[in-house]
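Student: Here is what each chain is made of, one letter per residue.
2 protein chains.
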Amino acid sequence: MIVRDFNKIIENEKDRVVSDANWTSVRMLLADDKMGFSFHLTFLDTGSEHVFEYKNHFESVYCMKGKGSITDHATGETHEIHPGVMYALNEHDRHTLRAEEELVMACVFNPPVTGTEVHREDGSYAPAEELA
Amino acid sequence: MIVRDFNKIIENEKDRVVSDANWTSVRMLLADDKMGFSFHLTFLDTGSEHVFEYKNHFESVYCMKGKGSITDHATGETHEIHPGVMYALNEHDRHTLRAEEELVMACVFNPPVTGTEVHREDGSYAPAEELA
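As you go down the protein sequences, you meet chains W and P in turn.
Take the first sequence: its position 27, counting from 1, is numbered 16 in my numbering, and each next residue is one higher.
Take the second sequence: its position 24, counting from 1, is numbered 13 in my numbering, and each next residue is one higher.
Keep in mind that the hints were calculated from the coordinates and are not lab data.
Since copy identity is lost for identical chains, a pair holds within one copy or between any two.
In the SDA-like style, the derived pairs of lysine to any residue whose C-alpha atoms are separated by at most 25 Å in a straight line are:
| no. | residue 1 | residue 2 |
| --- | --- | --- |
| 1 | Lys(-3) | Ser58 |
| 2 | Lys23 | Val40 |
| 3 | Lys23 | Glu80 |
| 4 | Lys54 | Phe32 |
| 5 | Lys23 | Thr60 |
| 6 | Lys56 | Val(-8) |
| 7 | Lys3 | Gly73 |
| 8 | Lys23 | Ser58 |
| 9 | Lys44 | Pro100 |
| 10 | Lys23 | Pro72 |
| 11 | Lys(-3) | His68 |
| 12 | Lys54 | Met(-10) |
| 13 | Lys54 | Val(-8) |
| 14 | Lys23 | Thr85 |
| 15 | Lys23 | Pro100 |
| 16 | Lys54 | Glu91 |
| 17 | Lys54 | Ser14 |
| 18 | Lys56 | Ser113 |
Generate coordinates for the entire structure from the input sequences, incorporating the hints supplied.
Tutor: So, in structure tokens, the structure goes:
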């Protein structure tokens, strides 16, 4: 059994806290935990906008706190995001995510993120085999 | 892209809301969403105690709200649960979960739950192939 505490991680395990342009992600579970998925808590700064496209991963994102919206590039549809809303990128959907207020999101990735990925220019993470 | 709202599900999609002895689980993502995992929000009643052992699944559980504890039967160790604590049953660990205050947990199952499982006497869910 693995037991981890978000509050201890942000104090003592800085290698699990990843930041990029206007977002921070705390990696609670990663590939080497061998659960078959990874689990992150991600914070998107107020006023920020992000274009992502996880070509090599499925991702689900549950809003715990904050306010924003997501636009699906394929359909042009925009959905409001507030606590209780979840989106799942079951088609590796290219999307724009906007945080009107800081968004706190519980994210699951399949396959699991290793922790060493960075977003590439196209908004994707490299598949794990390219990181080895 | 799948978009679902917890608040609408509990009003309008009762088939996604599953209750058993002193717990209720709202299934935000299930096997037929084909994400490779399922994602549930689970509420454990104040004062309740549960013995689970997911012999056929990996499960991670992140505490969003409440107070309680988990005991790992293999080691006898007990860990406090409060917001920010996550446990992951990477060894299909048999465990006792106690809610001193109502626990609100974000749960991920791999393989994904189909939605038709019930806990068996041993605290497990049947593997998906037995449910077909």
